[in-house]
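Using the sequences provided together with the hints, build the complete structure.
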Amino acid sequence: MDIKNAQKAVDTWIKEHGVRYFNELTNMAQLTEEVGEVARIIARRYGEQSEKESDKDKDLGEELADVIFVVLCLANQTGVDIEEAFQKKLDLKTKRDHDRHHGNKKLK
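Per full-length UniProt numbering, the sequence shown starts with residue 1, numbered consecutively.
If you are wondering where the hints come from, they were derived from the structure by calculation, not from laboratory data.
Just so it is clear, the structure is predicted and the values come from calculations on it, not from any experiment.
Once the Cα atoms are required to be at most 20 angstroms apart in a straight line, the calculated EDC-like pairs of lysine to aspartate or glutamate come out as:
no., residue 1, residue 2
1, K52, E37
2, K8, E84
3, K4, E84
4, K93, D81
5, K4, E83
6, K58, E48
7, K52, E62
8, K8, E24
9, K95, E84
10, K4, D81
11, K15, D81
12, K56, E33
13, K52, E34
14, K89, D99
15, K52, E33
16, K4, D66
17, K56, E37
18, K93, E83
19, K56, E34
20, K95, E83
21, K4, E16
Quick list of the computed label-pair ranges, beta carbon to beta carbon:
no., residue 1, residue 2, range
22, A29, L64, 12 to 22 angstroms
23, D97, M1, 24 to 34 angstroms
24, R20, G103, 45 to 55 angstroms
25, A65, A29, 17 to 27 angstroms
26, K106, R20, 38 to 48 angstroms
27, M1, V35, 13 to 23 angstroms
28, R96, N23, 30 to 40 angstroms
29, K52, D81, 36 to 46 angstroms
30, A29, L60, 14 to 24 angstroms
31, W13, L60, 18 to 28 angstroms
32, N104, G18, 38 to 48 angstroms
33, D99, V19, 48 to 58 angstroms
34, S50, K15, 37 to 47 angstroms
35, S54, E84, 39 to 49 angstroms
By construction, the Cβ of each residue, glycine as well, lies at the ideal position given by its N, Cα and C atoms.
Below, the structure written as structure tokens:
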């Protein structure tokens, strides 16, 4: 599924199952919560914190998908074509950072 179709799929899901979009501030809070869940898994599974028994069954992919879902909700309700915006950002980063990271001794 490409980004444009994912954005449409979220809109369809909201209309068929979610009644309506939460307002933008609620979705921003929800996005923060979902990113926190991703951070918790990463910190405990790949970082130096020990993983709690209750966290061992958490699915990182599912939590990342939650983040994407809420981002697509925010894009839909604010009129952002996220596929177009992402392509512009990728083009900008390619031009701006093409040589930047190759010269970074910290990445060698």
